[in-house]
Amino acid sequence: MKRSRTAALLLMSATPLLLTACGDDESTREGVYTSVESCTAQTHDAATCQQAFDKAKKDAAENGPQFASRDTCEVDYGTGKCEQRTDSSGHSFFGPLMTGFFISQMLRGGSPMAGFSSAPAFRTSNGQWQRPDNNNSVYRSGGGVYAGGSRGMTTITSAPDTAVTSSRGGFGSRGGARGGSGE
Amino acid sequence: MRRVSIAERPNWRHLAAESGFDFHTIGGQPYWDESAYYAFSLREIEDDIEAPTTELHDMALDLVDDIVRNEQMMRQLDIPHTYWDWIAESWRKRDPHLYGRMDLAYDGNGPAKLYEFNYDTPTSLFEAAFFQWQWLEQQLTRGALPAGADQFNSIYESLVEAFGTIATRIARPFYVSAVRGSNEDQGTVAYLRDCAIQAGIDCGEIAIEDIGISRDGRFTDLNDRVIGCLFKLYPLEDMLREEFGSFLPRSGMQLIEPPWKAVLSNKGILPLLWQKHAGHPNLLPAVFDDATALAPGWVRKPLYSREGANIAMRLPDGSALDSSGPYIDGPCIRQAYHPLPSFDGRHMLIGSWVVGDRACGMGLREDHSPITRDSAHFVPHAIIDDGSANSPKATLIA
Chain G
0 MKRSRTAALL LMSATPLLLT ACGDDESTRE GVYTSVESCT AQTHDAATCQ
50 QAFDKAKKDA AENGPQFASR DTCEVDYGTG KCEQRTDSSG HSFFGPLMTG
100 FFISQMLRGG SPMAGFSSAP AFRTSNGQWQ RPDNNNSVYR SGGGVYAGGS
150 RGMTTITSAP DTAVTSSRGG FGSRGGARGG SGE
Chain U
0 MRRVSIAERP NWRHLAAESG FDFHTIGGQP YWDESAYYAF SLREIEDDIE
50 APTTELHDMA LDLVDDIVRN EQMMRQLDIP HTYWDWIAES WRKRDPHLYG
100 RMDLAYDGNG PAKLYEFNYD TPTSLFEAAF FQWQWLEQQL TRGALPAGAD
150 QFNSIYESLV EAFGTIATRI ARPFYVSAVR GSNEDQGTVA YLRDCAIQAG
200 IDCGEIAIED IGISRDGRFT DLNDRVIGCL FKLYPLEDML REEFGSFLPR
250 SGMQLIEPPW KAVLSNKGIL PLLWQKHAGH PNLLPAVFDD ATALAPGWVR
300 KPLYSREGAN IAMRLPDGSA LDSSGPYIDG PCIRQAYHPL PSFDGRHMLI
350 GSWVVGDRAC GMGLREDHSP ITRDSAHFVP HAIIDDGSAN SPKATLIA
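Protein chains in written order, with numbering that gives the first Met the number 0: chain G, 0 to 182; chain U, 0 to 397.
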């Protein structure tokens, strides 16, 4: 047979299939935020956002990427986006400015459970967000565990961040005038 | 292959309304036309459409690798140089692609000839994947088609499979987007969103005009949420030249179709393919246009024209045929004239679909003009493998 066995429509159909959501399942809420304010707007949890930010700021020098020179740092993170730092053992290096922080929380039935993990986030020159990989910045309220480790960075793919929009309408002028853009 | 008249389903307009297919009639003119269908043999489908589509797709992707490393070719394709690195990087990372459609001229005799790739913003997807499929099933049930009739159309299953496969590589939140005022484009992205959600990918919708930019160069939805990945049914070459275009490479926003598709959705791919594979049975001779007078037997097409706009044809007998349109000042290519098959004055073009990298179906368009325009009717097809489909009835124009 050269054709599909079924051809279902979910939303477009006048009689859509119904999806049932499970009420008490566990899920993870992750996000990268550029400020405590944008975190609070999304999660409605100002205290957690502030703690996560403070923790990330503190961890940025220890766990962030380290470079021997400003030039090599700026290749990855952009001109003017790197600074000289000293870690807790007195070692001097260049690293990118922390441009945001990552927060991860477990949800049960849509409500956050106790504890969260956070990490500093850095924006590369091609616009991607990164955070230190492995679990070296786990914070749990009531007894934090924090292990130093590798300096490997991992790209953050889940980024339900908010940013204040400064303008709209910068796309669509050509196609809108033609009345359509597909072919 | 033959064209067969058939009675319409009496309730098809009701079915169209029920499934959200509200552009079956455009500007008072019919677009969906089920007063006839094209019957193909299984051999014609598998040997003459499916296999060449796979081969042409592979040849095209192979060429992307050459082009993104070659400044002269990028210049020939009229891609602004500030985006070259971005496009090359997107290819190096093999940013996931979803779908494309290539247009083929095929009359049932001899090899299908590639007219062009529509690899950035293809439409006529819903009508090919869903409404055509439903037509076949219902005409089988009604006994209007011979028992065992089939269709070259696993587009729906392939789309859901493709979304499922790339799900982990799609940044969230994920949006589909098209210009607000086009029913056809909005219908197409609504269908893609439906398929994405069926594959388990949460997916929103936003008009392309509503996308915002933040002060630090990130793209936002109407609630100021930063867009992770945007499926845009909007020409990338237009986005690059619009106000927000310069923010794209550093915005962090993923695009589907990805930036590397810019080299395939561009008619400059046709002369480049011909240079590398001159004489290939499914290719027409093609060269970059040098702005001299068009010789008989050649067709001039702008690199970026869509929907058959601004095409200039010089027929072998010396007569000329032109279509109007907005693409007046860009570079062009020339392609050897090769007419579409004509059935009682209707010129039929095959749109052969590729989802992921799989040739998986087709949709046919008929136009009264030899140049297929956006007003061309969509006509369904069937595979009727009783041998009767093999009597060639195509009469060539010219």
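Treat the hints with care, as some may be off.
[Unchecked claim] Far from chain U by the CB rule (all over 12 Å, computed), these chain G residues:
(1) 8
(2) 125
(3) 168
[As the list claims (entries may be wrong)] Here's a subset of chain U near chain G, in silico, CB distances under 8 Å, partners left out:
(4) 32
(5) 33
(6) 187
(7) 210
(8) 243
(9) 321
(10) 366
(11) 367
(12) 368
[As the list claims (entries may be wrong)] Covered by chain G, per the in silico footprint, the following chain U stretches (three or more residues, Cβ under 8 Å):
(13) 169-181
(14) 217-226
Hint data in this document are derived by calculation from the structure and do not stem from the laboratory.
Just so we're clear, the structure is a prediction, and the values are computed from it rather than from any experiment.
Each residue gets a CB set at the ideal place from its N, CA and C atoms; glycine is no exception.
Each hint, compared with the structure:
1. Not every CB of chain U lies more than 12 Å from the CB of residue 8 of chain G, the least distance being 6 Å, so the non-interface label is violated.
2. Not every Cβ of chain U is farther than 12 Å from the Cβ of residue 125 of chain G; the closest lies at roughly 6 Å, contradicting the non-interface assignment.
3. At roughly 6 Å from the closest C-beta of chain U, the C-beta of residue 168 of chain G falls inside 12 Å, breaking its exclusion from the interface.
4. Given the 8 Å rule on beta carbons, the hint for residue 32 of chain U is violated: about 19 Å separates it from the nearest Cβ of chain G.
5. Interface restraint check for residue 33 of chain U: the shortest CB-CB distance to chain G comes to about 16 Å, outside 8 Å, so the restraint is violated.
6. Taken as an interface hint, residue 187 of chain U checks out: its beta carbon lies about 6 Å from the nearest beta carbon of chain G, inside 8 Å.
7. With a cut of 8 Å, the hint placing residue 210 of chain U at the interface with chain G holds, because the nearest CB-to-CB distance is about 5 Å.
8. Of the supplied interface hints, the one on residue 243 of chain U holds, with its beta-carbon coming within about 3 Å of a beta-carbon of chain G, less than 8 Å.
9. The interface hint given for residue 321 of chain U is broken, as the beta carbon of that residue sits about 18 Å from the closest beta carbon of chain G, more than 8 Å.
10. Interface restraint check for residue 366 of chain U: the shortest CB-CB distance to chain G comes to about 14 Å, outside 8 Å, so the restraint is violated.
11. Nearest Cβ of chain G to the Cβ of residue 367 of chain U: about 19 Å, over the 8 Å cut. The hint is violated.
12. Annotation: residue 368 of chain U was flagged as interfacial toward chain G, and the flag is violated, the nearest CB pair being 16 Å apart, outside 8 Å.
13. Evaluation of the coverage hint for the segment 169-181 of chain U: fulfilled, as 8 residues show C-beta separations to chain G shorter than 8 Å, against a requirement of three.
14. Beta-carbon proximity to chain G at under 8 Å applies to 6 residues in the segment 217-226 of chain U; the threshold of 3 is reached and the given coverage holds.
When held up to the earlier numbered hints, the structure conflicts with 1, 2, 3, 4, 5, 9, 10, 11 and 12 and fits the remainder.
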